[in-house]
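Construct the entire structure; sequences and hints are all you get.
Protein chains: 2
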Amino acid sequence: MEKVLHYLAQNEPRFIRELSEYLRFPSVSAQAKHAGDIAACARWLADHSRALGLEAQVHQTKGNPIVTIRTPRAKGKRKPHFVVYGHYDVQPPEPFDLWKTPPFEPRIEGRSIYARGSTDNKGQHFAHLKAVEAYIKTGTELPCDLTFVIEGEEEIGCESLPPFLRKHRAALRCDAVVVSDTGMPDKQHPALTYALRGIAAMELKLHGPSRDLHSGIYGGSLDNPAMALCQLLAKLRDKNGRVAVSGFYAGVKSLSAFERKQLARLPYNAAQYRKFLGVPQLFGERGCTAVEQRSARPTVEINGLTSGYQGPGSKTIVPSWASAKLTFRLVPGQDPKKILRLVARHLRKICPPTVRLEISEGHGGEPYLVSPTGPQAQAALRALKAAFGREPVIMREGGSIPIVNEFRKILGADTLLLGLALPDDNLHSPNEKFDLDNFAAGSRMSAHLWQELAKRD
Amino acid sequence: MEKVLHYLAQNEPRFIRELSEYLRFPSVSAQAKHAGDIAACARWLADHSRALGLEAQVHQTKGNPIVTIRTPRAKGKRKPHFVVYGHYDVQPPEPFDLWKTPPFEPRIEGRSIYARGSTDNKGQHFAHLKAVEAYIKTGTELPCDLTFVIEGEEEIGCESLPPFLRKHRAALRCDAVVVSDTGMPDKQHPALTYALRGIAAMELKLHGPSRDLHSGIYGGSLDNPAMALCQLLAKLRDKNGRVAVSGFYAGVKSLSAFERKQLARLPYNAAQYRKFLGVPQLFGERGCTAVEQRSARPTVEINGLTSGYQGPGSKTIVPSWASAKLTFRLVPGQDPKKILRLVARHLRKICPPTVRLEISEGHGGEPYLVSPTGPQAQAALRALKAAFGREPVIMREGGSIPIVNEFRKILGADTLLLGLALPDDNLHSPNEKFDLDNFAAGSRMSAHLWQELAKRD
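These protein sequence lines are chains A and B, in that order. Letter by letter, the first sequence follows residues 0 to 456 of numbering that gives the first Met the number 0. Letter by letter, the second sequence follows residues 0 to 456 of numbering that gives the first Met the number 0.
Please keep in mind that the hints were generated in silico from the structure rather than gathered at the bench. Be a bit skeptical, because a hint or two may be false.
Simulated pairs of lysine-lysine, DSS-like, Cα-Cα distance not exceeding 30 Å [to be verified]:
#1 B:Lys314 with A:Lys408
#2 B:Lys234 with A:Lys204
#3 B:Lys238 with A:Lys204
#4 B:Lys32 with A:Lys234
#5 A:Lys314 with B:Lys234
#6 B:Lys314 with A:Lys99
#7 A:Lys204 with B:Lys74
#8 B:Lys204 with A:Lys204
#9 B:Lys74 with A:Lys314
#10 A:Lys238 with B:Lys99
#11 B:Lys32 with A:Lys238
#12 B:Lys314 with A:Lys348
#13 B:Lys166 with B:Lys74
#14 B:Lys99 with A:Lys314
#15 A:Lys234 with B:Lys74
#16 B:Lys314 with A:Lys337
Across the chosen pairs, the derived CB separations fall in these ranges [unchecked claim]:
#17 B:Leu97 with A:Lys166: 51 to 59 Å
#18 A:Leu368 with B:Gln309: 15 to 23 Å
#19 A:Gly312 with B:Arg172: 28 to 36 Å
#20 A:Ser209 with B:Gly388: 17 to 25 Å
#21 A:Ser209 with B:Lys238: 22 to 30 Å
#22 B:Lys238 with A:Gly286: 38 to 46 Å
#23 B:Ile349 with A:Ser370: 40 to 48 Å
#24 A:Lys186 with B:Arg340: 24 to 32 Å
Just so it is clear, the structure is predicted and the values come from calculations on it, not from any experiment. Glycine residues also receive a C-beta, built at the ideal position from the N, C-alpha and C atoms.
If you want it as structure tokens, here you go:
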């Protein structure tokens, strides 16, 4: 292992140059004009891996190509097998004018590399690839077989991945999937994420009069759909910050004393957090800490409201309709489909007869939970500690990564979420960056991880 | 009078041709490109009036010209003086594709003339002008002195009119103002409108986090401004359809038994009205009829709602802000400024500390009320009955005509609202039309009106 770690340390400047090269591809999956860049980026990754002595393939799909990279398999020897998942596609860089330097011209400032895709996700899976390189180039035997699955549609919904996983199910059967695409609370706290929230999206529209009506001539003699919408939505959250839909919390388990204690270890300062969000005062479900509220408790959020006149000045109408976009963040024990049914039933029940309610169910993603105390989690925590030199934390994340449920369903494998992103890395925002200390520590963590995971097998 | 009425009947086809000529001007005050048409339209009206033997002037203002037309004054003889108010500017015709024929190419179909401005308001004041023509051309002495004030900014807020009224206060001092710019419930019910609602506009914005936040990562640990807005607005109207702001109804007088009885005479069929509005069920202040709700009771209306993401699909954010446009329709006894103060105070009181409330007060217009039983009203009702051959009704209108309060303040005169518009005349909408029977009856009504008003003087 010393040789591996030494190699990683020695070659860090070159790794950064190579990562820069990778980051130059504007592999924006949401924008059709970048189809060529997507293809070129996937080819580059495969070529780069082959040059390291790895077996790489670019698989065409109905959407963007998926790159697989396999470590050399020792004949007749059964090693544990792990899939490393990542994505080479990136978020759109717009608005360009908010970037200090162009998003696809990587810039190094201090210990950060600025570029679209640096943290999300090129830098993070590239750290794993460099760990593998270190094993190969130092002639150190990898204690595990690894298959990287690096896709190109993560930012637009991962549509091609599940069919790909099903098609290659045999080759991809594994002991666990390792994903570095989540975050850590700060540089001092390397983290294993053991739970993710799910999501259920819904759009509702209240139809009132058949056209916008003059509010002077008719106002007062019919319901106002915008008012009806407000009164309907107002009833979805009670004053304690809980979702006021009957049955919504059925199945939600309270956090164990162990979990609450672990979550309480996460760095948190209310005043700083309030300032960071930019809100006059924090608010959340009564009886829960902010960390719990945002990662371990379900919520309802209004993502958008639309009704009537939105231009300057006033327009004196009773609007014909009013609509809202809602998402519910869900926690383990809640099923998105069932939640959407419950909410729709509830809304239909409380909707007044003076407007017509139209509900469109949107996408859903199941919540995710693995044991934070199981042997794989323990192995991961040891790897984190060895790589970062600090006691790792275990945490839940409030966001959703629907693909981890597909890994469980199709490959039968749990996912170890070992994220390297920092809260100020500007994921999905202008001036995205990746911390170069985390890049280096990420490679060390990966090198240790295969050892630790092999131990317990 | 017989000669006058005979002349009106004989010359009706020509009147319609002349009205068509008047309607050909696209005198759209809201659109700068029509400035030339505005000027040409004002000139046409003055020239047309001069050709009838009237004294007409086009007065330049800071905005669009105001046309005055005076009947010849008899020397040394004091007659009662009335101002006839109207406007030659029209609403924008857009969307063009919904017009069956071009908005400025008048088309006659059955007993209707279709064109932008036909009812609102060219046709209505032209009816009065044709009555004056009948007096002049038949050599019949007008029992009153008349001054027409036809302005060109009614559809954009009448800004130039009050300074004009103040400047010409002496010449315009009068016994009453006559305005045909309101409606009648149907062709069988000629109407005198004796009250108008006032209006108070307000915009509010709730500020939450300093930028849109990822609803997965942060959702649950801060208030959602769209939800806070809904909960705030929901509290503005109670389940009985009353505005739930303390002090809002102070000063509002209940309708007298006489008024309720008169309003109950107006034609109304709940099923037809519901169908006309296109709503699943009617709604309004409990204890009031629909006619009362929409004309004689104050209301709160949400005219627009805006927050977060409004495009297709979903965007999982906690929006940074949420805003609403509100208008309150007011009734006699309520002051717009005071109402805005009350509402702002109320909102500040109930707004949660988790968001920051920003209130922008908008325009206000006072409610209007004249006695429906006074001698001028009685004279107007007799004129309506004589012209239409039917028993007229007295009514309140729910809309606001702020200028009538200026007439009272500046000229010291009440306004007689003798509208000729029918509910299906499509005012402000595509395919605006004017009923030609009402055009003819309007001229007869005008001819009778000066006789009836002179009687009581």
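Here is how each hint holds up against the structure:
no., hint, result
1, B:Lys314 with A:Lys408, "holds, 26 Å"
2, B:Lys234 with A:Lys204, "holds, 20 Å"
3, B:Lys238 with A:Lys204, "holds, 21 Å"
4, B:Lys32 with A:Lys234, "violated, 48 Å"
5, A:Lys314 with B:Lys234, "holds, 22 Å"
6, B:Lys314 with A:Lys99, "holds, 26 Å"
7, A:Lys204 with B:Lys74, "violated, 68 Å"
8, B:Lys204 with A:Lys204, "holds, 22 Å"
9, B:Lys74 with A:Lys314, "violated, 49 Å"
10, A:Lys238 with B:Lys99, "violated, 53 Å"
11, B:Lys32 with A:Lys238, "violated, 53 Å"
12, B:Lys314 with A:Lys348, "holds, 27 Å"
13, B:Lys166 with B:Lys74, "holds, 24 Å"
14, B:Lys99 with A:Lys314, "holds, 26 Å"
15, A:Lys234 with B:Lys74, "violated, 73 Å"
16, B:Lys314 with A:Lys337, "holds, 21 Å"
17, B:Leu97 with A:Lys166: 51 to 59 Å, "holds, 53 Å"
18, A:Leu368 with B:Gln309: 15 to 23 Å, "violated, 34 Å"
19, A:Gly312 with B:Arg172: 28 to 36 Å, "holds, 34 Å"
20, A:Ser209 with B:Gly388: 17 to 25 Å, "violated, 34 Å"
21, A:Ser209 with B:Lys238: 22 to 30 Å, "holds, 25 Å"
22, B:Lys238 with A:Gly286: 38 to 46 Å, "violated, 31 Å"
23, B:Ile349 with A:Ser370: 40 to 48 Å, "holds, 46 Å"
24, A:Lys186 with B:Arg340: 24 to 32 Å, "violated, 52 Å"
Checked against the numbered hints listed earlier, the structure breaks hints 4, 7, 9, 10, 11, 15, 18, 20, 22 and 24; every other hint is satisfied.
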